[in-house]
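Listed below are the residues making up each chain.
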Amino acid sequence: MDTSAGSRRCRRCGSEDLVPIDIDGRGKILSWTVIRRPSGAVSRQGPFAVALVELTAGVRMTANLEGWENEPAPGSDVVAVGEIDGIPIFAASDPSS
Amino acid sequence: MRKVSIAGVGSTRFGRHDGIPVDELAAAAGRSAIIDAGVEPERVGALYLGNFVGGMLTGQEILAGLAGEAMGLSGIPCTKVEGACASGGIAFRHAYLAVASGMTDVALALGVEKMTHATNPQITEALNSAMDNRADAPSGLTFPGVFGMAWRRHADRYGTDREQVSAVVIKNKRNGLSNPLAQMGAELRFDEVRNAKPIADPLRLYDCCPTSDGAAAVVVMAQEAVPARDRAIDILASVQSSGSARVAGHPDLCSFDATVRAARQAFGETGLGPQDIDFVELHDCFSIAEIIDCEDLGVVPRGQGGGWAIEGRTAVGGDMPINPSGGLLAKGHPVGATGLGQVYEAVSQLRAEHPNQVPGARFGLTHNLGGTGVACTVSLLARPDA
Ligand SMILES: [Zn+2]
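So the protein sequences, as listed, match chains S and D. Per the numbering used here, the very first residue in the first sequence carries number 39; after that it's consecutive. Per the numbering used here, the very first residue in the second sequence carries number 44; after that it's consecutive.
Source of the hints: derived by calculation from the structure; they are not laboratory data. Glycine included, C-beta positions come from ideal geometry on N, C-alpha and C. Check the hints yourself; a few may be wrong.
What the hints assert, rightly or not - The calculated label-pair distances, taken between Cβ atoms and stated as ranges, are:
#: 1; chain 1: D; residue 1: G316; chain 2: S; residue 2: V119; range: 44 to 52 Å
#: 2; chain 1: S; residue 1: E121; chain 2: D; residue 2: S172; range: 21 to 29 Å
#: 3; chain 1: D; residue 1: E67; chain 2: S; residue 2: R82; range: 37 to 45 Å
To be verified - To give an idea of the chain D side of the interface with chain S (calculated C-beta under 7 Å), a few residues:
#: 4; residue: M192
#: 5; residue: N238
#: 6; residue: A239
Next comes chain S alone, as it looks inside the complex (with noise of 0.2 Å):
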């Protein structure tokens, strides 16, 4: 019986029926926090900032966030602008651009 490990599933529903889909990296934040004392496993120290981002696309994701000293309202717009260790980066996006 092959068991497919290792092959990539939704961590929802378990389907392997996955695509690709272009995606314009803007969203909105939910929250954010400034971590100030971080795990002994992150080589980064504090404080920087951590924000739970819902994309335009509908996929909620736990990011880092840049520009956090400027206070951002919650539900402020956001785009990526990058990335570390496949962890995106988000920063405040001007709305009309």
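Guided by the hints, dock chain D with the ligand onto chain S, whose structure is given.
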């Protein structure tokens, strides 16, 4: 299923326990619970032990068997359970099920943790193993960070402000002052809470429970076999549920659906409602967690947890006393022991022997939450004459 009671409880003080091995700490609580129950140790037919970071912080696993041996409970099944900070509540429920099912007349639930010897980054790393290592941990998120995000969300939705959240800290620290088992009770002012050092915004030092060593134990027994009915406390329900292990998997960070589910089931099984509950011992790992938990349990209306705290309605003399023990914030949080520490406190209340006694308490609720709400237990306990 048979009717089940708590025949005895035991607990060490929560705080620092230098120089005592983790299995000995567990055995100390277990022995005092067995003595309190007035049963011969040979009658204990099963042992369940809750522990979370023992392997990581002390290098010692197989704690259930080691603690059983230290108590002279030789040969019986000794099982360790792990559900992050809900490990103790899960051990309690397994002991309950072992007796309710008829497998044994007497079971011992134990919880233990030793943490204070480690450094803060080591402890944070160990606790972070209760987070999803693929989705959340790589961002550098910590548990204070998870609850910092929950705080902002709750504030955004319900207008919960820092004064309200600080009222939880002030109440629980004050309750802890008169609990001899508590690690750090204190009389605090709003400005002291507000100006403490920042941990994960908006959480500051006193918004976070301390790092603790400690153990607690409960002897669970078939109701018909209990020797002294006047000291026994009945278990009306003991429910376990699960929720998402990922922050993004929660429909709303203002609520943990595992708590909602467990409370609903516990009330449903017993025919009781939140209005019947005389006091609650809930999982205030952070100040904002108490506000979310009491709303999820249904003992305080949704969105009003902050208001109830600042109005004193959750104090010992209030409409719904929450954490008269001091909770995790003041009593301490030796993670694997916490769920059983809550049962210990509830039993003291229902025996009318608590240092912060809720007058006439007949029904108590305990709530233990693990990880990002991935595991939850809720128990309803009652005085036998209730
Ligand atoms: Zn799916």
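Hints, verified against the model:
no.	hint	result
1	D/G316 with S/V119: 44 to 52 Å	holds, 50 Å
2	S/E121 with D/S172: 21 to 29 Å	holds, 24 Å
3	D/E67 with S/R82: 37 to 45 Å	holds, 38 Å
4	M192	holds, 4 Å
5	N238	violated, 14 Å
6	A239	violated, 12 Å
Violation of the numbered hints given earlier is confined to hints 5 and 6; the remaining hints are satisfied by the structure.
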